[in-house]
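Keeping their order, the protein sequence lines are chains H and W.
Going by this note's numbering, 15 is the number at position 15 of the first sequence; the sequence numbering is gapless.
Counting the second sequence from 1 gives a position; this note's numbering is that position plus 227.
Since the hints were derived computationally from the structure, they do not count as laboratory data.
One or more hints might be untrue.
No farther apart than 25 Å at their CA atoms in a straight line, the calculated lysine to any residue pairs in the SDA-like style are these [as the list claims (entries may be wrong)]:
hint, chain 1, residue 1, chain 2, residue 2
1, W, Lys592, H, Asp189
2, H, Lys11, W, Val517
3, H, Lys101, W, Lys592
4, H, Lys180, W, Ile415
5, H, Lys101, W, Thr477
6, H, Lys101, W, Leu533
7, W, Lys500, H, His14
8, H, Lys11, W, Asn559
9, H, Lys202, W, Thr477
Distance ranges between label pairs, derived from CB positions [claimed, not checked]:
hint, chain 1, residue 1, chain 2, residue 2, range
10, H, Val100, W, Glu669, 18 to 24 Å
11, W, Arg610, H, Arg2, 57 to 63 Å
12, H, Arg10, W, Lys491, 25 to 31 Å
No residue lacks a Cβ here, since even glycine has one placed at the ideal position from N, Cα and C.
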Amino acid sequence: MRILIVEDERKIAHVLASALKAEHYDVAVAPTGEEGFSRVNAEVFELVVLDLMLPGRSGLEILQALRKRRIETPVLILTARDGVDDRVLGLDLGADDYLVKPFALPELLARVRALLRRGRAADVLRLKAADLELDVVGRRANRGDRLLELTTREFELLEYLLRHQGHLVSREMLAREVWKEPRRATPLDNVIDVQIARLRRKVDADGAARLIHTVRGVGFVLREGDP
Amino acid sequence: MRAAPSIRLRLTGWYTVVLFLMLLVYATATFLAVRHEFLEQLDDQLRDDFETAEGFLAAAPGGRIALSGDRHHDPDDDHDRGSDVWTANGDPIDRSGAAGALPPVALAAATAEPRYESLTVDAHRWRTLTGRTLAGGRSVVLRVSRSEERLRAQLSEILVVLVLGLPLVVALAGAGGYVLARRALTPIDHLATEARRITADRLHDRLSVPNPHDEIGRLAAVINDTFARLESSFDQLRRFTADASHELRTPLAVIRGIGEMELKDTRTAAEYKDAIGSMLEEVDRLTSLVDTLLRLSHGDAGTIRLSRESVDVGRLVRDMASSLALLAEERNQQLTVQGGDGVLVTADRLVLREAITNVIDNAIKYSPKASDILVRVRQQSGRAIVEVVDHGPGIAPEHRERIFDRFFRVDEARTRESGGTGLGLAIAKWAVHVNGGAISVEDAPAGGSVFRIVLPMATSPVPHQHPTQHMGEPV
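Taking the hints into account, I'd like the entire structure generated from these sequences.
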């Protein structure tokens, strides 16, 4: 799947490209708005990651021009400005999602996955990792033969980790998706850490192989083997 | 644009104009009163003359009427006054003094009641009194007259004195007023000079107040008060800048230190991972710090947009408490929420959430392990009140003012250890304020502190008491 990154900051563009390549995407980078615009016109991409603050033509102008030409490639905008106006304007002009810099890479990767998955009915109702099984409809979780007694929050947390298994999940993502907190706050980070610790005690108990890992400074990942 | 004249000049100008108008009115009134008095006196004299002349009229032998005796006490006045007597038919009987200059009287106009009349003959003004009277049984017409010229001359003199004196007096008063105005305004010039001396570097200086009870003293007091507030906000800003740079530089120093250290020698992959993770933790801290500071400064600048809606404070508090109960549980604390649903306020839900989260989190952090934390929601006289009662060490009175300041920490070491940014309560205060409420702290009766958030209520909802609910198990 081809992704175009339109970003003038060389380092950020490099990091984005490396991260996406590591996820086996086919990545192209355009350092200016003009080049980005002409490439989207000439080639086929499944997704455009578009910085708003570009020299010359701004990201918003490019987005507008693309949508005017009925090019409906999904666009994920990046902005350093935390202003609501920018965000709303971007979404109004036809962006599909946005991220505020500095963003966490796991977050970006999750958004990219979500945008590329879009339109496909992919709601899995039974989730599995090693001998951990989750029945989303029956609200039951098993580790091997052992039935896990989970609170509502713990269940939702485990479901989220399982849906993103193998991928890093940041505290910010958990705050927003599981706790439904639109804004990140220090108290909630502590709550998340405590909740993860408790969930891990239940899931990875009794000498079972560790599934829930903490990646220092980044977040958590559910995966078999080492993080 | 022309600069306005100084207050001193304007004051003097107004003072002079007002004084001039007042003196003008006064002089006019005086002149008119004197003139009236003079004319009245002249008429009185004429009446005296008339009566005197009547007394001198007598029947002379041969059926004639004549003025007898010398009625002029002062012959020098003869050119100034006179008298005429006519018979009823108009035949002159007697004419004396200056009367010769006057025309004969119109007989028809002469009535029994004497009448005053002003005459001008050859530019000479006369005042006359004419009437019929009886002399020796016969009707005669008597007219006495006096010249008005002397009186007019006197009046002219008075007028000249008044007209010439007025501008002189006004000019003198103006000059005096100017001097007085300068003396009265000198203290203000002093104040200005002193105030100019007090710059940002010397904000602790104050204006001298010689007499605190006069106008200048009050002005100086007001200015001093403003300086005091300016000084305190400067102090706050200075402290904030120092604190902020410290807080922002610490993570940067850590990141740099780790990076430099790890690059010095070759290490194992696990060690590198650990180092990078540690750096990322600091980046996280820095990010959340910058986010919070930006939000606070948006709030300061008033550029924050709130989406106000009707919020059930009771439910909001319960939601937040159930999220945070996990943290309380880790410390074996009992977090209890008391109070009713249906306490509605109009507020930005997200912003208000932050206030409540931070205050409850603060209570959990600073209360000893295994203590109780009580959150009460109630309504009182149209206001919604959220109280968080903890059993922590309490807050010393000298810290109460500053506890909501950005980066203020009662115990520097402890807060850092528990991962606080030092902005939680500042955010809470900000969040309550933008929603039109107030936040305060006081000692709890049983030790510890009570943080109180007071918000104006949206409407008057149906009172509904919710049973006490324990937050034992996280939901």
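Hints and how they fare:
1. W/Lys592 with H/Asp189: Status holds; Cα separation ~14 Å.
2. H/Lys11 with W/Val517: holds (21 Å)
3. H/Lys101 with W/Lys592: At roughly 30 Å apart (the allowed maximum being 25 Å), W/Lys592 and H/Lys101 break the hint.
4. H/Lys180 with W/Ile415: violated (62 Å)
5. H/Lys101 with W/Thr477: holds (21 Å)
6. H/Lys101 with W/Leu533: With a Cα-Cα distance of about 23 Å, the restraint between H/Lys101 and W/Leu533 holds, given a limit of 25 Å.
7. W/Lys500 with H/His14: The hint holds at about 20 Å.
8. H/Lys11 with W/Asn559: Distance ~47 Å between H/Lys11 and W/Asn559 Cα, so the pair is violated.
9. H/Lys202 with W/Thr477: violated (37 Å)
10. H/Val100 with W/Glu669: 18 to 24 Å: Since H/Val100 and W/Glu669 have Cβ atoms about 39 Å apart, the given range 18 to 24 Å is violated.
11. W/Arg610 with H/Arg2: 57 to 63 Å: holds (59 Å)
12. H/Arg10 with W/Lys491: 25 to 31 Å: Holds, at about 27 Å.
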